[in-house]
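Counting along the sequence shown from 1, when you hit position 87 you're at 86 in numbering that gives the first Met the number 0, and nothing is skipped either side.
It is possible that some hints are incorrect.
[Unchecked claim] Simulated pairs of lysine-lysine, DSSO-like, Cα-Cα distance not exceeding 27 Å:
#	residue 1	residue 2
1	K116	K58
2	K57	K116
3	K106	K57
4	K116	K106
5	K106	K58
[Claimed, not checked] Cβ-Cβ distance ranges computed for the label pairs, FRET-style:
#	residue 1	residue 2	range
6	L107	D84	17 to 27 Å
7	D29	R118	32 to 42 Å
8	N109	N76	26 to 36 Å
9	H53	N15	10 to 20 Å
10	D28	D105	18 to 28 Å
11	Q32	S55	12 to 22 Å
12	I26	P124	25 to 35 Å
13	N15	H65	16 to 26 Å
14	N76	A113	33 to 43 Å
15	L107	N15	27 to 37 Å
16	I14	W108	19 to 29 Å
17	D102	N76	13 to 23 Å
18	L120	D29	33 to 43 Å
19	D123	D28	35 to 45 Å
If you are wondering where the hints come from, they were derived from the structure by calculation, not from laboratory data. Here the structure is a predicted model, which is why all the values come from computation and not from measurement. Beta carbons: idealized from backbone N, C-alpha and C, even for Gly.
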Amino acid sequence: MPSDGFTPAFTPVEINYLRDDRILEIIWDDGVQTRVGAELLRVESPSAEVQGHHPSEKKIIAGRRHVGIIDIVPVGNYAVRITFDDLHDSGLFSWQYLRELHDNQDKLWNDYLAALKARGLSRDPAKR
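With the sequences and hints as input, model every part of the structure.
Below, the structure written as structure tokens:
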């Protein structure tokens, strides 16, 4: 379904957090299943704190290999606010953004790993 810019093209029918695996699982209204790790959600948070106000301002967040999610709160009918166990909670994960993460997960993950390596950073907390 094409989006009009206000109505999301896809909406979740179910959102589960698989705590032991630190995976957010989303079942969409078109039957697609998304599984995204908490680490990727955290380092790709849509917050200005992470994304900045321009692509050149995007921060590379290191040391989040073991990050988990402690709360997921619906925001209207279009998003969720995720609170991570490092207490980051300022990003609103819209349905559209979550679907984009689904569609681009491999590229985003590989870009993240490359950015860490290029800066001599680590996914491990003690090696930031």
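What hint numbers does the structure not satisfy? 9, 11 and 15
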